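Assemble the whole structure, with the sequences as input and the hints as a guide.
Protein chains in written order, with UniProt numbering: chain A, 1 to 140; chain B, 1 to 109; chain C, 1 to 276.
Hints were generated in silico from the structure; no laboratory data involved.
Keep in mind that this is a model prediction, so the values were computed, not measured.
There's no promise every hint is true.
Said to hold, decoys possible - With a straight-line cut-off of 27 Å between C-alpha atoms, the simulated BS3-like cross-links for lysine-lysine are:
no., chain 1, residue 1, chain 2, residue 2
1, B, Lys6, C, Lys239
2, C, Lys92, B, Lys24
3, C, Lys85, B, Lys30
4, C, Lys239, B, Lys105
5, C, Lys140, B, Lys6
6, B, Lys24, A, Lys118
7, B, Lys30, C, Lys239
8, B, Lys89, A, Lys118
9, B, Lys6, C, Lys247
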Amino acid sequence: MKLTRRNLLILSSAGVAATAMGSLPAFASLTDDEIAKLTGGAELGEGAITITAPEIAENGNTVPIEVDAPGAVAITLFADGNPVPNVATFNFGPLAASRSASTRIRLASTQNVVAIAKMEDGSFQKASANVKVTIGGCGG
Amino acid sequence: MASGVKPRVKVPKSAAAGEAITIKTLISHKMESGQRKDDDGNVIPRSIINRFTAEFNGESVIDVTLEPAISTNPYFQFEATVPESGEFKFTWYDDDGSVYDTSKKIKVQ
Amino acid sequence: MTKKLWATFALISLGTSAAAQDSNSLSIDGEAMVTEIAAPSHMENVDTIYSGWRFRSVETQALEMDDFDNPAFVFVEQAEDLWDKVDGAAGKACSSCHEDVADFAGLRTQLPRVDDGELVTMENLINECRTERMEAEPWKWSKGNMTAMTALIGVQSRGMPMNVAIDGDAAPFWEKGKELYYTRVGQLDMACSNCHEDNYGMMIRADHLSQGQVNGFPTYRLKNAKLNSIHGRFKGCMKNIRATPFKEGGDEFKALELYLASRGQGLSVETPSVRN
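Printed below as a string of structure tokens:
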């Protein structure tokens, strides 16, 4: 791939140019649809789940994210500015010592990372974090 | 099979029964997202690790579904409880059908 | 450093606190690294030198502080396998001659150096072994096998101070490197010094300019999720200023590598480092 600015943007942003740099993520409604699919439209509680993410990511290719929801059976991560909002689902087994996990994710642009926890009683919890993704210095 | 795939895991060698231990895992993999194009403008097909599991003596610790938004060289950190001495088994499932696994023993005192 | 960074920060920043230096003290798996030291006497315009680690965000910094969290070690482990792998007509592996890679502790601090009148880098030494002793094909300068092996050999010197010779046989190469460092090139008409000496600590768009130290190479970059060679990084810089890059492994980049290594004298080898 030639190192044009456009290609660099594509490379460093997992596929989207910087069209979503404004406050409104371009793919936000896709995320809402995916969350509705997951929860069946159930109400989303807050407070029993936390998400830890950098306020500013130095590079959108590798953004550290941690989620923690005591009492969850599964946690699903979404990125509402990515072309495909789904990121990962953690299903906790009987030997999970906590309902927490960390990973590193790709963010195409500044956007919200949303975590939905499915709790043991069948209810759902939501938390989100806004992550600003910077474009590199010279060239990307 | 994707080339150069190599798993790494970090598990303590010993623990107390019922203690929460931290596990870290990393596997070298491009995680080609399916969103990129090559020089000729053709989409490079998606090729990712789509599932990761950690089990202890056959029982599940965590079972992860991965999408293309997981970074190159996928990394996970999580906690496990070990009721007795035994073996962790970590398995990564590739889009191309390849399965990579590695095991680590732990002693419970 | 904080004072200088913050004083200059406002000048060209985007008005955010992005990428401001977050931590001053680096220890890797408990071993302390020197990331700041008085500049060597040959540097006329800089008082203190800093590792590139100091210019990164707290999350990027954290990746280098634990060898498991550092993705570069995937490649170091690949090189451990390569070390024992027989290749070439002579039927030899690295380990056929070199019993233990740990014997190379200290080598990284002294490279590049002059051997028989020629300036050689670690890539040259590895390829000399491959072609002369193993009778194998040389590796390409910045390809995966080579950067993995330079990382494996380099990490044996981690924590040791950079200490290249710049006098005697090395002097003419060093002078050439210095000249290149200060020569403006490309459509943007910029020299290395314009960014990495005159403006380190400032923001270039959303990026925090470092001093361009080479003590952490090969370095794992988040940008391309792989190990990057020193010459590969030079090439990237030259493209960014719209110059035609010199050839990887060529005389110009080798001389520049020597000069840059000498601008980092006393900084700990951080190979393999993590940068953005």
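Checklist line | Numbers of unmet hints, in rising order | finding: 1, 2, 4 and 9
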